[in-house]
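J.: Assemble the whole structure, with the sequences as input and the hints as a guide.
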Amino acid sequence: MDLLALADFNLVARYGGFGKAARATGRPKATLSRRVTELEAALELRLFERGARDLKLTEEGRALHERTAALLTELDETAAAIASGAEKPRGRLRISAPLLLSQTAMGKIAAGFSLKYPDVRLEITTEDRAVDMIEEAYDLVIRVNPDPDEALVGRVFLRDRLVVVASPELVRPAGDHPVPGVVRGAGIRQTWKVTTSKGAWKIGIEPILALSSLIMVRDAVRAGVGAARLPISLVSHDLADGTLLHWGDIDGSEIALWALYPSRRLLSARVSAFLDFLKQAFPNGTPDELAAYIDR
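Residue numbers are given in this note's numbering: position 197 of the sequence shown equals residue 197, and the series is strictly consecutive.
By construction, these hints were calculated from the structure, which means they are not laboratory data. We put the CB at the ideal spot given by N, CA and C, even for glycine. Wrong hints could be hidden among the right ones.
What the hints assert, rightly or not - Have a look at the derived ranges for each label pair, beta carbon to beta carbon:
(1) G51 with P28: 19 to 27 Å
(2) W201 with N145: 22 to 30 Å
(3) R155 with H177: 42 to 50 Å
(4) R92 with P173: 49 to 57 Å
(5) R92 with D2: 23 to 31 Å
(6) R155 with S212: 25 to 33 Å
(7) D251 with A292: 39 to 47 Å
(8) R34 with D149: 23 to 31 Å
(9) D149 with G242: 38 to 46 Å
(10) N145 with Y293: 17 to 25 Å
(11) G187 with G51: 50 to 58 Å
(12) R92 with A292: 27 to 35 Å
(13) N145 with K88: 32 to 40 Å
Stated by the list, open to error - Taking lysine to aspartate or glutamate and the EDC-like style, the derived pairs with C-alpha atoms no more than 20 Å apart in a straight line are:
(14) K202 with D176
(15) K56 with E44
(16) K108 with D119
T.: Written as structure tokens, this is what we have:
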């Protein structure tokens, strides 16, 4: 594939027309049109729908633009870095991060990273869904206990665990008697298996509040509504202050936060810099290190 033709195609796609691309870049309109036509002929695909007044990407053209624009940008940045004698992190860095980490720590981490690397345009999107890194043009995704994916590689940078906590005013149940609970998601009756210093224990939970955010769950438990399962990092300050009590650890609730990126691409300087910054923020990857970012 002709990289010059591919670059010109991406220019036209970015600016939405041959004339607009020519005016923005100083490239001759006829040259851009010829290059795109040659690329379409080489691929045997129509990349644009050409109307009387507008130009629209076809489905194939949109897919080609989404998959190649970032790669061409990386090539340009790599060439510039080599020419300058040092690969300095620069350009756009798009990251997808889970909700709780974003609410508790990512704002401070992003600010620190931007101050250290001012030439990087950092964009962080908060979402708990499994994004498609290639289709959605993410450079890095942070996920909790992700399923194995042969297309991605990465590293664990933080670990946590779930604990059951409650207000000191809430009486611990005797026998099989259920206790009021604050849960995330569906509010159905459930049993939590916990481990304490005295051994295993089962707690019957009768949900009285079902909330969509763990921050909301923590705030409700602080108010004394019921017991809840929460990451220990989120309630570390409360346990230290005695405003919440630790009823036990949830069995098999180990949480690993992974930073993932596509294995088929070379690791860019900006992604490598962000991974190193995460390592500096969480040198041992413990819940206490995450708790240090959380306001009381």
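J.: Which numbered hints does this structure break?
T.: 7 and 8
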